[in-house]
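Asks: Full structure from sequences and hints, please.
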Amino acid sequence: MNTLLCARTDFDAVVVGASAGGVSALQTLTSRLPADFGIPVFIVLHVPRDRPNGLSELLGARCALPVSEAEDKQTVTGGNVVIAPPDYHLLIETRESVALSVDAPVLFSRPAIDVLFESAACVFGARLLAILLTGASTDGSEGVAAVRAVGGNVWIQDPADATAPLMPAAAIAHAGADAVLTLEQICLALENTNT
Amino acid sequence: MPSVVCRKIMEDERLLDIELRVLLEAIYLRYHYDFRSYAMSSIRRRVAQAMVRFKVDKISDFQHDLLRDPVLFSEMLQYLTVQVSEMFRDPSYFKAINTQVFPVLATYPSLKIWVAGCSSGEEVWSLAILLKEAGLLERTIIYATDINAEALRKAESGTFDVDRISQFSRNYLAAGGRHSLSDYYTSAYQGAVFDRALKRQIVFADHSLATDAVFSEVHFVSCRNVLIYFNKQLQDRAVGLFHESLVPLGFLGLGSKEALQFGAHQNDFEPFVKEQKVFRKVA
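Taken in order, these protein sequences are the chains called A and B. When the letters of the first sequence are read in order and numbered with my numbering, they come out as residues 1 to 195. When the letters of the second sequence are read in order and numbered with my numbering, they come out as residues 196 to 478.
Just to be clear, a hint being listed does not mean it is correct.
Claimed, not checked - Here chain B is said to cover these stretches of chain A; the calculated rule only asks that three of the stretch's residues, wherever they fall, bring their Cβ under 8 angstroms from a Cβ of chain B:
#1 64-75
#2 114-123
As the list claims (entries may be wrong) - On the chain A side, residues computed to face chain B include the following (Cβ under 7 angstroms):
#3 Ala13
#4 Pro85
#5 Pro86
#6 Tyr88
#7 Glu93
#8 Leu100
#9 Ser101
#10 Val102
#11 Leu107
To be clear, the hints were calculated from the coordinates, so they are not data collected in a lab. For glycine and all other residues, C-beta sits at the position ideal for the given N, C-alpha and C.
Replies: Structure follows, in structure tokens:
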């Protein structure tokens, strides 16, 4: 286990980005979140824009925390898992609320991981944990750079452990990471990140 | 895109928001465009994109230039205001309007519909087509309003890129369109030009939900994915305008992820088609 990441457990929010292979990875990750997880979790998964998507139900079925699709200006408190709706960007508006936008897709994606991560970096600064998982896009690289620039913590799934290695590898190359971990190690670390 | 957002927050994330607020205040004082109550998360991103485009590194330098250069400001306005919609975006919404709202509207001898924040007009033209197919267009006036003059001009031209038309056609059929979308446009060099006859009933006008008042009594307000760019206070103001403008039992249609339930007017409307975010003003 990476000692660096055990050194920091003082987070106010977690943002998670995933693309190809992400449904299964997110199912694993959310199913391992403890019931008393005290901070909010915001998730962007690249999804087709006009297909009904039961992601919140899918993840909610095996998660100890309530999982929902974001509504605009919704208040979000600790212990809630909030997912970006298809065809909207999810942004962190304040420490307690989210905003949505239909601004242009980023790298062909709406929702985009960069948009979530950058907006979260502006609001939570050093108190943010960002986790980037499997994917075949280069979305997330700029977001990871933004989080690291404000002193937030970034954990990236080891490309060798990811279903699709391109996205985590691109982010590591572009901005580096505070820890490169397997999905299992990320889950273990989250269990110890309880605030 | 080189991440200006990233570089800016590297400096100091608290200073970034102070400088942004000062910029928005300056724009209001100089040009009377009021973005002070917009959602900061989107404004931050849009200003950053504009700064990449205009190659400025500091918000304070950008402010200096914007205050002195109205042409630069009007170009920057595009970054602050333009929403990209599409015709019949969320076809299930338009289907609900067509099958559940229009039959009620049909009982009025004359109709007024307000498309607030219409941007480049995709949803205005969509409504006009459905109204025509329902036999209601001739007795309807559609007010299409926005703060962005350039977007309004584009909306009024009824011209859209040809490469967007196949998506529009799929949406049109999914929305319950009765013909072929190609019945309503002709292809020209510059794109697909929609039938001018549809436009006779549309009034395009400059109107700000942040600073202007109600201008007419209407039976239906469609305002989709506009409120998401506002903070809660401005959302309350806008919904208040809609409420004031609507006849008793008039309809309000919002974007699929917009809600009234957290706002000041939540008791002034009741769900009409809940899953499509169509509300009805309480009598």
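Asks: Check, residue by residue, whether the region 114-123 of chain A contains three or more positions whose beta-carbon lies closer than 8 angstroms to a beta-carbon of chain B, and give the verdict.
Replies: This one holds; 7 residues, not fewer than the three required, reach chain B with a Cβ under 8 angstroms.
Asks: Should the hint that Tyr88/A touches chain B count as held when the rule is a Cβ pair under 7 angstroms?
Replies: Since chain B brings a Cβ to about 6 angstroms from Tyr88/A, closer than 7 angstroms, the hint holds.
Asks: Holds or violated: the hint that Pro85/A contacts chain B, with Cβ atoms closer than 7 angstroms.
Replies: It holds, given that the least Cβ distance between Pro85/A and chain B is near 5 angstroms, below 7 angstroms.
Asks: Are Ala13/A and chain B close enough, Cβ to Cβ, to be under 7 angstroms, as the hint says?
Replies: Interface hint status for Ala13/A: violated (14 angstroms vs cutoff 7 angstroms).
Asks: Holds or violated: Val102/A as interface residue toward chain B, Cβ cutoff 7 angstroms?
Replies: holds, 5 angstroms
Asks: At a Cβ distance under 8 angstroms, does chain B reach at least three residues of the region 64-75 of chain A?
Replies: holds (count 7)
Asks: The hint names Pro86/A as touching chain B; please verify it with the least Cβ-Cβ distance against 7 angstroms.
Replies: Since chain B brings no Cβ nearer than about 10 angstroms to Pro86/A, farther than 7 angstroms, the hint is violated.
Asks: Does the interface hint hold: is Glu93/A within less than 7 angstroms of chain B, judged Cβ to Cβ?
Replies: holds, 5 angstroms
Asks: Under 7 angstroms is the threshold here; is the Cβ of Leu107/A close enough to any Cβ of chain B for the hint to stand?
Replies: violated, 9 angstroms
Asks: Identify whether the interface hint at Leu100/A stands, where standing means a beta carbon of chain B within less than 7 angstroms of its own.
Replies: Because about 5 angstroms separates Leu100/A from the closest Cβ in chain B, which is inside the 7 angstroms limit, the hint holds.
Asks: Please verify that hint: Ser101/A, Cβ, nearest Cβ of chain B, below 7 angstroms or not.
Replies: Cβ of Ser101/A sits 5 angstroms from chain B, so the hint holds.
Violated hints, listed in ascending order, are 3, 5 and 11; each of the other numbered hints is respected by the structure.
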